[in-house]
Amino acid sequence: MGSILWPIYRMGEAVTRLELEVDSEVVAGFLKTGINEAHSLSFLVRLCHGFILRNWNVQITHVYREANRLADGLANYAFSLDLGFHYFELAPSCVEVILSEDARGTAFPQQVCV
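UniProt numbering puts the first residue of the sequence shown at 1, with every later residue one more than the last.
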């Protein structure tokens, strides 16, 4: 979960309007309602919460990973990169197919137990 929270914290340094879609329902809950002080990620959630509680426009939503395959593909690709800021003028080759399918509106229905 820390790998999800650190980028949120880093974005909060420069962003004042944010629509955040996370594929972890637990993280979405932490960001919306806070976290117990005893939790191992409480310091990071509090840092993120500090940005969210400012006079900013923030919307936090849980989405299934399949709902945003491109973001998931880029996140997986990021593990192969050196630490630091990376700017892409073109999509990395590993996500070109996903980007193309997304642009065409290709759907991949999933059964989800609710």
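Mixed in with the good hints, there may be bad ones.
[Stated by the list, open to error] Beta-carbon label-pair distances, calculated as ranges: (1) Cys94 to Ser40: 13 to 23 Å; (2) Arg104 to Thr33: 35 to 45 Å; (3) Gly84 to Glu21: 34 to 44 Å; (4) His86 to Arg65: 19 to 29 Å.
[Stated by the list, open to error] Keeping only pairs whose Cα atoms sit at most 25 Å apart, straight-line, the calculated SDA-like set for lysine to any residue is: (5) Lys32 to Trp56; (6) Lys32 to Glu89; (7) Lys32 to Pro92.
The hints are simulated quantities; they were obtained by calculation from the structure and are not laboratory data. Where a beta carbon is used, it is the ideal one built from N, C-alpha and C, also for glycine.
Against the structure, test the hints numbered earlier, and report the numbers of the ones violated in rising order.
1, 3, 6, 7
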